[in-house]
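The lines below spell out each chain.
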Amino acid sequence: MRRRQSNFWKVFATPTVIALFSATGLFAALLGDGIWDALSWLGLGIPSVLALRGLLQRR
Amino acid sequence: MDGFGISEGHEMKSKTIRRWSTVHTWSSLICTVFLLMLALTGLPLIFHHEIDHLLGDAAELKPMPADTPHLNLQQLVLAAEKHRPGEVMQYFGFEDDEPNAVIAIMAPTAGTEPNASHTFMLDARTGEALQMPSANGGFMMVMLRLHVDMFAGLPGKLLLALMGILFVVAIISGTVMYLPFMRRLKFATVRQDKSTRLRWLDLHNLIGVVTLTWALVVGVTGVISACADLLIAAWRNDSLSAMIAPYRDAPPLTQLAPATRLLEIANEVVPDMQPDFIAFPGTRFSSEHHYAVFMKGSTHLTSHLLTPVLIDASTLQVTAVAERPWYMDAMGMSQPLHFGDYGGLPLKILWATLDGLTIIVLGSGVFLWVVRRKAVKPLLEKAERVA
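Protein sequences appear in the order of chains V and E. Going by this note's numbering, the first sequence opens with residue 1, and the numbers climb by one from there. Going by this note's numbering, the second sequence opens with residue 1, and the numbers climb by one from there.
Hints in this document: simulated from the structure, not taken from any laboratory. The reader is advised that the hints may include incorrect statements.
Listed next, the in silico DSS-like pairs over lysine-lysine satisfying Cα-Cα at most 25 Å (straight line) [to be verified]:
1) E/K296 x E/K377
2) V/K10 x E/K296
3) V/K10 x E/K13
Label pairs and their computed distance ranges (CB to CB) [said to hold, decoys possible]:
4) E/R385 x V/W9: 42 to 52 Å
5) V/R53 x E/N72: 55 to 65 Å
6) V/F8 x E/G111: 18 to 28 Å
Ideal placement from N, C-alpha and C gives every residue a C-beta, glycine not left out.
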């Protein structure tokens, strides 16, 4: 049981952090302009960059 | 035989994995064609504002001194009626970024369905009518109709809502499947040198998991928007019908009181709100006997939440300030979160990027399924021959 738990977080730790960034990004720009917009660009920029990096990397 | 051939998943019971795999395979396969269409048509829609300007379809107001006074609303109604004789007003809309303009929507009757209405812009200072071609037809309208209802009205919207629900199921089951696949791999590993299938499997998992939150939010808000007709009908039933009950047996209006002071009247009862749009009597956002002035909040967040003020269309008395049921708030908040138009051009570009990435996840999903089936088929045939 313990092993399964640690396995779960080993796999899902990074995706969870990314999900939190995405969620912050999605809601930040609803609250205001300026710094809030910038926060939303950062929050949604992180998943975009990670995905594009995986897609474009070649040996 | 599961759809993906996992050897890594011995800890999670293999039966459980097979079930999730089946759920993921079929929920995705059924919705993929629709989701691809939605993602492709959604792409230009993200930039509809920019595209309108680029194509010269955006209505441009004449430059005039900044303090040029506005005509009153009744004068604008008359200007609109002069522009389209024989039609009646359905809506006046107000836009923050064009304070000198009013969007007018007219149709042969107030109850005419939205797709048959005509949208144009009125210069609030002169009453001059300006065309808004992309709001009435053309390429962007085709994209919009495909995206909203596939030219099939309510059944089309509900089918797309169902596909959206399947998409959400596919995302959730896909996330569950992520665990057995990634148990022995570091995050963001993309195996480049083994096979095309493994490379795309890793990319499918990576892009899928990082775009998860965005895809869920856009999926769920899309489903909510697709159900808008039902939500509006529910609102008419729940809130509107109680407020207008005294008018049930009133004869239909032959003449409307002038619209001149509607905004002032609404502002008196909800002083800290801004007008968003006015629904004229007989439209689906009002009753036969009322102007409904929809007021929005003054803060960033509350500007998406609308409060209707019902104004008697013959006496100009305020009948009621309607309460906002939670589902109308959900509908209001769903719009920015689905369109991505609330954080400047950089957010739109990120929206388009994530949309493109979703297309790649959908495409690679189909590819992985096809490749897997091809690999399984000879084995099955061999097994049959042996038996």
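Hint-by-hint comparison with the structure:
no. : hint                      : result
1   : E/K296 x E/K377           : 59 Å, violated
2   : V/K10 x E/K296            : 46 Å, violated
3   : V/K10 x E/K13             : 19 Å, holds
4   : E/R385 x V/W9: 42 to 52 Å : 46 Å, holds
5   : V/R53 x E/N72: 55 to 65 Å : 57 Å, holds
6   : V/F8 x E/G111: 18 to 28 Å : 55 Å, violated
Violated hints for the displayed structure, listed by number in ascending order: 1, 2 and 6.
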